[in-house]
Amino acid sequence: MNAATAIDNDVTWQPLCRTADLVAHSGVAAWLETADGPAQVALFFLPAADRSASTPSKLDDRPHEIYAVDNHDPFSGANVIARGIVGDIGGEPVIASPLYKQHFRLGDGRCVEKPEVGLRCWPVKLDGDRVMIAA
Amino acid sequence: MNKQRLIVIGNGMVGHHLVEQLIAHNATEHYEIVVFGEERHRAYDRVHLSEYFGGRDAQSLAMCDADFYAANGVELRLHEAIARIDRDANRVVSDQGSYAYDRLVLATGSYPFVPPIPGGDRANCLVYRTLDDLDAIRAAAVNANTGVVVGGGLLGLEAANALRGLDLDTAVVEFAPRLMPMQVDTEGGELLREKIEDLGVQVLTGRATREIVDGEASFHRMVFQDDKVLETDLIVFSAGIRPRDALARDCRLEVGERGGVVIDDKCLTSDPAILAIGEVALWNDSIFGLVAPGYQMAKVALATLTEGEETFRGADMSTKLKLMGVDVGAIGDAHGDRSPGARMFRYLDEIKQQYRKLVVSSDGKKLLGAMLVGDNGYYDTLMQYYSNGLELPADPASLILPGSDGVPTLGPDALPESASICSCHNVTKGAICASIDAGAGDLGAVKADTKASTGCGGCAALLKNVVDSELEARGVEVDQSICEHFAHTRQALYSIVRVEGIRTFSELIGKHGQGLGCDICKPAVASILASCFNEPITDAAHVPLQDTNDTFMANMQKNGTYSVVPRVPGGEITPDKLIVLGRVGEKYGLYTKVTGGQRIDLFGARLEDLPSIWGELLDAGFETGHAYAKSLRTVKSCVGSTWCRYGVADSVGMAIQLENRYKGLRSPHKLKLAVSGCTRECAEAQSKDVGVIATENGWNLYVCGNGGMRPRHAELFATDLDDATLVKYIDRFLMFYVRTADRLQRTSVWRENLEGGLDYLKAVVIDDSLGLGAELEAQMRTVIDNYECEWAGALSDPDKLKRFRSFVNDRRPDPDIIVTEERGQLRPA
Ligand SMILES: Cc1cc2nc3c(=O)[nH]c(=O)nc-3n(C[C@H](O)[C@H](O)[C@H](O)COP(=O)(O)OP(=O)(O)OC[C@H]3O[C@@H](n4cnc5c(N)ncnc54)[C@H](O)[C@@H]3O)c2cc1C
Ligand code: SF4
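Same order as they appear, the protein sequences are chains G and F. The numbering used here numbers the first residue of the first sequence as 1 and each following residue consecutively. The numbering used here numbers the first residue of the second sequence as 1 and each following residue consecutively.
For reference, chain F alone in the conformation it holds in the complex (with noise of 0.2 Å):
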């Protein structure tokens, strides 16, 4: 077979990602492929270049193995530069020799910029490219003390990084009046030039270099046109780059005024023999300076040479990235400047050096841009919104303000192709979906060809409602079993409990499931039964289904023993009572500690004595606190109207209504709830599941709040309600919860998995959308009336009092507790 020949100039980054492209999909069938490269090294990793310094070496950072090429039969000639393209006669020409070619693909990326200074070509001024440049840096480096970088960008900041790690007094030297003028403000290029200050790099802004001439102390003397000087034994330019369009302005194909090679959306050049790719390439007018659109237009190529579709789009410039260890991100028209009537929201904190900025559209409903200094986390969000085109909330503001909680709902077919699922390994949701369509069968497999997910691990939720969410749309059936006793969600579950109305685990298994169950069903069976009907989890059917916790009604400890948590609803407690935990603490040789929860909590009881501690709480007046179940802690108070001069409503009457309702409410996990007197909001009820607030027309409704490991906000879900209909909406919005979410799955990951949002939840609860109303209200009218405690149904049951033996067959206690004292108290050794 006649192969026609292809000719690649350049094995940088996106050369290498075409050569790569065009043998995996087997197009060395149709060419014979030739690739000429400049620098003596094979392609590496030039996004990475800086990690040379930090440890790695050529070999790791080169982006494939050394007999890649020739194993794929593609010749590679490196430290071969083309000097020549000959159009006519379809050559290129080195000093090597001319080569004929049938297409020619230019992929030769960009140069760094030296400004004209007249002195810019002395000895030790280098630039910061390439791995030969980064060797001159070190060998220069070696007998210099200081080094300063021409440039304040991107490139410029992470050269001086580099200086600095090489142990030099580094300096920058921006022409603009800030750093990173590109990227971020007057604001964010202040802040920036704090953080990078306080990191021992001096900063010089607003300076042009007028020449550079022997120093006295050091090496060179920069004289500045406002005729200060600075002196140093190194200089690295970093004043942007410039496409290396040389060979083809020579040949004369198309270039752009200010450079780069024009291509249309095919990659084609104004010869069509010709393609040209990456930073030389210019398209609709714009350079892209970064990776990713080159390797897009790598694609296209492959396309454009093996008769495909694929066209180039343009490629969106966001970026997020950690200079010297300082965070910064622009997405979209960050400056505002190129969207006439745009306005803006501002975010500066001076003491964390944070600062953030909005653009928005004229009617504040799109996000247009946005810059962040100081604290990328704020990233994702906010690109899923400028990406996708979502409106925004009614408070943009509240999308950068500290603590507040804008992150979208998004479904995952909402998503553009585009949008990043994994920003460690910089995986899109069309890489996801292309590498299903390649066969990828499930969540592992995806992983494993796209290294989704395996790198901070962050997206691990995201990625999984993508791959289920394309699985299912390609009609595959995806296995949501809640383990592999069950092939169902615990949502079928509870539906299957309910409507045949089964009662016992070992029936549910026996017809819906197979083997003997395990730790993950058995305790979702268990809060389900108890949800439905509330029957008491001691009860011999549904002791083997509970977690030692709820077994034996108590908290166990890392040592084997367990904490008591008596209920104090609503935080209120009776000077008598005090005085009995006290004494019940004293008696056991219990550690006591107050709790988050306004309660206190009993550390270091042994099994075989809980029976009796109860005994005594019971005794007293007090209830299980259910501290160790899945289902209702605590509602936390302020003290409220009825002390507090700045009350409008009794928020202790309020908790202790609420929490003698809900106690004993088994669900998917715990709920914490909490009521404020007014505004201020002592009780912190916006970190709940659900908060109200006392107002002068009533209460405020608050829901999906969370503490702990994941903080979120509460929302706002009803305002002014009086005391009946806080409670009817209480009432169906936790059975609603109980019934519709998935095992362990707090109340905020429920709220930001729901398909509608907060907007969905508010037409099921306050406008009864499904018709769901009266059965939600009627169920938990069951859980309330077969409400009782635990403690007392065990300690009146000799069989149930069997089960806190240490030993069946012997009276002597564990010998292996054993405890020491700290300030005052008992505590494991």
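Only chain G is shown next, with the shape it has when bound in the complex (with noise of 0.2 Å):
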């Protein structure tokens, strides 16, 4: 097990990238290694909305926000999750996949156009300048 490991509320934390690698409103592309075997996950980075802007966003009150789900498309077979856009559908965060353009919620990887098919998700936070994910 890994060194920096952490227990909180059961749920084990470990860390996997620098906030520095993250993309804000975009993805990025990370190994983790899981009970099952290695896994390569999408990292999504919503920033809070910067309230410096001279011109406040409407979705002001939002914190930051990060997601974490497979970087395998389950469409095209191809590892290129991490590389779609991130937007919303009805306020919900969704990715949309880089080859055939169907969307996933992040929240909890339901793909909108064909719901019986999902990403996994795993639990992410950021705890100073690391990205944590529980595996």
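A hint or two may mislead.
[As the list claims (entries may be wrong)] Now the in silico label distances, taken between C-beta atoms and shown as ranges:
| hint | chain 1 | residue 1 | chain 2 | residue 2 | range |
| --- | --- | --- | --- | --- | --- |
| 1 | F | Leu390 | G | Arg120 | 55 to 61 Å |
| 2 | F | Gly615 | G | Lys125 | 35 to 41 Å |
| 3 | G | Asp36 | F | Asp576 | 49 to 55 Å |
| 4 | G | Arg120 | F | Asp167 | 45 to 51 Å |
| 5 | F | Asp742 | G | Ala48 | 53 to 59 Å |
| 6 | G | Arg120 | F | Asp742 | 36 to 42 Å |
| 7 | F | Asp797 | G | Ala48 | 22 to 28 Å |
[Said to hold, decoys possible] The calculated PhoX-like cross-link candidates involving lysine-lysine, where the alpha carbons are at most 25 Å apart (straight line), are:
| hint | chain 1 | residue 1 | chain 2 | residue 2 |
| --- | --- | --- | --- | --- |
| 8 | G | Lys125 | F | Lys802 |
| 9 | F | Lys511 | F | Lys558 |
| 10 | G | Lys101 | F | Lys558 |
| 11 | F | Lys228 | F | Lys266 |
Hints in this document: simulated from the structure, not taken from any laboratory. Even glycine gets a Cβ: it sits at the ideal position worked out from N, Cα and C.
Hey, can you piece these two chains together into the complex? The hints should help.
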């Protein structure tokens, strides 16, 4: 087990990468060791709205949000989810697959167009300059 | 309340339609309705009768549920023919009783005409009109090997196809010298014959049958006027239809010389208590042998019976059909024999078996009729010209020549009520308006209500235009939003960005939108920002907006790897540079292919290899080719006067100049240009968004062409231009497109939707009618001045390079990218 692993509310958190690795409003991919073997996760970072901006966003009250889902795209079979476009459908954050453009809800991984298909999701949080994941 | 009694004689398509309308308009409150049908079956879809042999049964062809009449309080008396009308007593009489009426409607349709040939009444001499007729044909076919249809018209060919489907050796015998004499001329008839003979049906034209007697090898022997004979087991007569007007004749209602119950514009017969509708009715000396005019009459009859205003004003008999898989279309005066002074254009292709004819007015301005055999793709456009009386293009022949582009730009307002919008479900613009008036508030509701655009879907764009324009006309705000995050069109967002000088997506969505954005609005806004300010798309504020292709400046392929395409302006490349491409391909294991745009595509690059691949390419003097972007792709060229003995100008030089000028111009969709050195057009400039062709006197400019899924020939825009004027026009043209087009709208579609069409475009670009010329040029100047190779920018910025790691926490490559070898190169396994 990783030395930096901490226990918190019965969830085991482990560090995944640095916050500097994240790209605001977009995704990056990372390797994660799980009990079932290595997995590719796609990390999406939606920073809180910049309150100093001259033009306040209408999503002003939103805190930082970070999501981790499968990088593997079940429709194309390619590992590309991290390279899609982040957006929202009716206020729910989604990621659009860059190949065939299906949308997956970042909250629970469900595919909007085909709800029987989904991506795995992992809890993630920011801890100082580290991104922690529960696996 | 004392209801009047309304009796309808005939439960065919039109009679049923009337009852349906009466019920829908609550006329049952005033009328007690009784319907008599001679057939055993309640009303069924006679138009699709032949499908009875193709697997549909009476139930599925029926026009309504079995209990529809009863449930709505209408008495339906099937299998009971009316034998007599007693006008003095206001009664109708059948063999089962006599019934009083206050109003009476004749909807008795027609019967198949059987020519008075001796022996024509033998057993196994049948007709093709009702379900019972088809049962009889099917029964007779069981013991038959051969069948003959007498009559080579529309219904005859349909019957012949049915016999073929019953595994009979089939022949068609036509009295006229050609098939479908009503719809086509000699050439068309010949072509049709060829096509139908190809299907294994024998065609005998110019044959009059003298008598039918016992056959030797088959059941019948047909003896023709010229003593030739034909033996067959089964005969179907399809020699035309006659109105079933006997009831009317017997009670001395006025009938036409050649049959048909005379009606006025209100569908009233000579007795105002009695109406006639459908194929039995004669209006203005015409019988209408199609179902649509019958339905119109039913609507008029409804109005007449309920004190409405509607009148019958005739109907267009243009038809488009597929007979035995063969397209046949006839519009208006297809023969040109009803229009003195008419002129014709004919096109005959004996290889593809296509024939088209245009009948135009003597001044060449109006389409009077048209005839199509082999390809009905031309029908809709011609129909619009015909039914709307549009002025024809200068060269009307272009409307029937293959590959030519004659599709007129029609604003939805210009279409009349009768214009057919959805041909699958036969929905007119009028029906769409009616549906909107009845409460359908958006496209979805109109579709559900009218079924429009739920067939092949080919009319989707036209339907949307019509619905939008009708809703707007009714003061309904039409939702033109680009997506749920912006209540604006792309064009509106464009103006906002320019007027307010907005430079980032977050500012735009903060001020004018909501939410986070999505994969529709983000790339669209990125493109708008780029075409206004041309800041690098790799800047932090723009990165999250881009499609993966723009983000990584390469084209993602199906296995998640990318293809790399450096710019090769005009397709001109030195041997040294070719060698570099070869070396890079070899080193990184890339599959190489020459593209249609005259450059070289390197496939299979891993994300993490992209920076080093580009490093090597930039060192050798290459630039990004923007193959990943909605922007200028290539300017294709032929070698032109430099090498070619026909060339009249340096097409390569001009292509390179144009490519370097417009490279990096972000646009609503990709842009392709080409330059040819002479009119032989080896660069295929007329299939491009902008095409340039050299002439003795300068450059000819073509615009808005397209290859791909919906090919469109470019249109000649200006001729004999010098270099400077050429560039000026292209600057203005492209910027005007960038400003006004929809998201992902190629110039061809933009042009087709442009109100005012090519003339308007010429006015804006050439005559500067909007006074925008200088502004458009200045904006193009900004884009050109701010151009920088995105790959060069990215490679010099470590922050931007971080983006090209496959994984942020590990250098392991993606193990799921697996390749295999084929024809000496690698491809995805
Ligand atoms: C094979 C075939 C294909 C066709 N294809 C097309 C096509 O592609 N497009 C098109 O527009 N049209 C087509 N038509 C023509 C179309 O079917 C007719 O225009 C339409 O059916 C006319 O409707 P109607 O109600 O006037 O007559 P009908 O549908 O013929 O109905 C008349 C009814 O009245 C009954 N009747 C008659 N006399 C009496 C009486 N005395 N008492 C009680 N009942 C009586 C008849 O039995 C019949 O059921 C086709 C027709 C056929 C046969
Ligand atoms: S278009 Fe003319 S100049 Fe160009 S290659 Fe063809 S023939 Fe030669």
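Taking the hints in turn, this is what the structure says about them:
The supplied range of 55 to 61 Å is met by F:Leu390 and G:Arg120, whose beta-carbon atoms lie about 59 Å from each other. In this structure the hint that F:Gly615 and G:Lys125 lie 35 to 41 Å apart at CB holds, the actual value being about 37 Å. At about 52 Å, the CB distance of G:Asp36 to F:Asp576 agrees with the hint of 49 to 55 Å. Between G:Arg120 and F:Asp167, the C-beta spacing of about 58 Å breaks the proposed range 45 to 51 Å.
A hinted range of 53 to 59 Å is violated for the C-beta pair F:Asp742 and G:Ala48, which are about 34 Å apart. The beta-carbon spacing between G:Arg120 and F:Asp742, approximately 38 Å, falls within the hinted interval of 36 to 42 Å. Our hint of 22 to 28 Å for F:Asp797 and G:Ala48 holds, since their Cβ atoms are close to 26 Å apart. The suggested pairing of G:Lys125 with F:Lys802 holds, with an alpha-carbon distance near 22 Å, which does not exceed 25 Å.
Taking the CA atoms of F:Lys511 and F:Lys558, the gap is near 37 Å; set against the 25 Å cutoff, the hint is violated. Restraint check for G:Lys101 and F:Lys558: satisfied, since their Cα atoms lie roughly 12 Å apart, inside the 25 Å limit. A distance of roughly 51 Å separates the Cα atoms of F:Lys228 and F:Lys266; the hinted pair therefore is violated under the 25 Å criterion.
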